[in-house]
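**Q** Chain residues, written in single-letter form:
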Amino acid sequence: MNWLDTIVQGVLLGGLYALFAAGLSLVFGIMRLVNLAHGDLIVLAAFLVLLLVTTLGLSPFVAAVIAMPVMFALGWVLQFGLLNRTLGNDILPPLLVTFGLSIVIQNALLEGFSADSRRISAGGLETASLQLGPISVGTMPLLTFLSAVAVIVGLNLLFYRTALGRAFRATSDDRETAGLMGIQPNRVFATATGLAMVVVTIAALYLGMRANFDPTMGPARLIYAFEAVIIGGLGSFWGTLAGGVIIGVAQTVGASINPEWQILAGHIAFLLVLLIWPRGLFPRAVD
Amino acid sequence: MALLETRKLTAFYRDFQALFGVDIRLEEGETLAIIGANGAGKTTLLRSLSGLITNQPGHILLDGRPIGAMPAPDVVAQGIAMVPEGRKLFPSLTVEENLQIGAYGRSGSGTWTLGTVYDLFPVLKERRNSPGTALSGGQQQMVAIGRALMSNPRVLLCDEISLGLAPVVIKDIYAAFPRIREAGASIIIVEQDIGQALKVADRVYCMMEGRITLSGMPGAISRDDIHAAYFGAHAR
Chain A
0 MNWLDTIVQG VLLGGLYALF AAGLSLVFGI MRLVNLAHGD LIVLAAFLVL LLVTTLGLSP
60 FVAAVIAMPV MFALGWVLQF GLLNRTLGND ILPPLLVTFG LSIVIQNALL EGFSADSRRI
120 SAGGLETASL QLGPISVGTM PLLTFLSAVA VIVGLNLLFY RTALGRAFRA TSDDRETAGL
180 MGIQPNRVFA TATGLAMVVV TIAALYLGMR ANFDPTMGPA RLIYAFEAVI IGGLGSFWGT
240 LAGGVIIGVA QTVGASINPE WQILAGHIAF LLVLLIWPRG LFPRAVD
Chain B
0 MALLETRKLT AFYRDFQALF GVDIRLEEGE TLAIIGANGA GKTTLLRSLS GLITNQPGHI
60 LLDGRPIGAM PAPDVVAQGI AMVPEGRKLF PSLTVEENLQ IGAYGRSGSG TWTLGTVYDL
120 FPVLKERRNS PGTALSGGQQ QMVAIGRALM SNPRVLLCDE ISLGLAPVVI KDIYAAFPRI
180 REAGASIIIV EQDIGQALKV ADRVYCMMEG RITLSGMPGA ISRDDIHAAY FGAHAR
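So the protein sequences, as listed, match chains A and B. Under numbering that gives the first Met the number 0, the first sequence has 102 at position 103, and the numbering climbs by one with no breaks. Under numbering that gives the first Met the number 0, the second sequence has 159 at position 160, and the numbering climbs by one with no breaks.
Just so you know, these hints were derived from the structure itself, not from any lab. The structure displayed is predicted, hence computed values, not measured ones. It is possible that some hints are incorrect.
If you anchor each label on the Cβ, the simulated ranges turn out as follows [stated by the list, open to error]:
1) B:K170 <-> A:R160: 32 to 40 Å
2) A:G153 <-> B:D62: 42 to 50 Å
3) A:I102 <-> B:G20: 46 to 54 Å
4) A:G153 <-> B:Q16: 47 to 55 Å
5) A:D89 <-> B:G163: 31 to 39 Å
All C-beta atoms, glycine included, are put in the ideal place defined by N, C-alpha and C.
Chain A with its partners taken away, still in its complex shape (with noise of 0.2 Å):
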């Protein structure tokens, strides 16, 4: 076994998982909801992707870009209308209202594409590599890597250094006092779910370019991102990606060893950080 090539290609695939992490860890960082059916969101918007590819003979990255404002309106909308009315003191309305949009949203994709896996062609992308000294590296692999790492760095930038993010760290601490600045809850919690979908389009992007998906596929990618978020610490992005990393290792060292091992691995890895850090690597939330 090439030690260094396992460990490269964990921390890239580390990368897809941040993605697939980073959406939720925002959501969750900010109104504390549990999204149940980020996944088969995730899903969703490669599916999106996928038909704008095939009616419209675009090229993937365009057709992620033009599904981006689709997803965020939706992701608005999602919030405004239906998931603001589950927030409040018992934790119980959010998780059984997403355990059920999952539902909802497989079965809906399943009447509108059938059980067929399908896969976006990215043309040629998938099988591009770079040489970088003794190893070699998937050109997408690398790509969703960093993207993963730009995705991260925004967003902090966002909500560390802007005025959205400042509303958003102020209505996470206190509503009833952000709406004493003039803050308007309802309206940060859908942008933030908003900007939270965007994300999963970016996730769904390389999800769909990288492996074949299917409509019932997204509660096994939830569990990746549940994973990275817990082992980075609710609410920091940088813990995400650490965790997205951590797991991304964990697995491509665990099939090297024996490829039965892969999933398994990165479990494994979950639990034993979290029995050496329960509350994660970088916590920054105080609950």
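Go by the hints and put chain B onto chain A.
**A** Using the frame of chain A, we list chain B on its own:
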């Protein structure tokens, strides 16, 4: 026409009635003090004025227009800002960010900017990058007042700003009020510290059990009147 007035204002917490037909008037440029014992309804009155409790529309009038049913973010946009009891700084935000967030619902331009707030409370400029909650109680109160001023309000509501602070610190904070008045804000102060309230106010309302029991100029009402209005006529 008064700048802000309440007409027969009633307020409820579920089945519990906290205000029973409160009438107050705030004229342009005036400073009002509202005093009373714990549970008299002072904070409920301020929460109603700021939109944290919504009421019948016509119970609260700003420039004669009904605003009683407006939620807090809309009330801020109308030019009413509140310094809430307990300061309520945002722990995730620095001192400067706490001030900046106060301008989020800014209704118009005016005197108050980061620069003029730092002139008013110079110590905040030194601590601008600290988390708001790392400051002393008095400094936190300055942030809370500055944060409310950042919206350039026409009416500033101050709820128990001396609560839990040392007398010397309270004096420092009240020393800022003449400049806040000069800048054009009309002020309503809710205080349990009667001496302090009488010193800064043009007029005083005393509340008991959800009703106004006494009103007048600080110089024109005696301590006995206040005592009676505070505790009830037979409590001496």
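**Q** Starting from the hint 46 to 54 Å, judge whether the C-beta atoms of I102 (chain A) and G20 (chain B) obey it.
**A** 53 Å, holds
**Q** Check the following: the C-beta atoms of D89 (chain A) and G163 (chain B) are separated by a distance inside 31 to 39 Å.
**A** 32 Å, holds
**Q** The hint says 32 to 40 Å between K170 (chain B) and R160 (chain A); measuring C-beta to C-beta, is that right?
**A** Check passed, 38 Å falls within 32 to 40 Å.
**Q** Does 42 to 50 Å hold as the CB distance between G153 (chain A) and D62 (chain B), or does it fail?
**A** 44 Å, holds
**Q** Just to be sure I understand the hint, the distance between the Cβ atoms of G153 (chain A) and Q16 (chain B) should be within 47 to 55 Å; is that true here?
**A** Given range 47 to 55 Å: holds, Cβ gap about 51 Å.
When each numbered hint is compared with the structure, no violation occurs for any of them.
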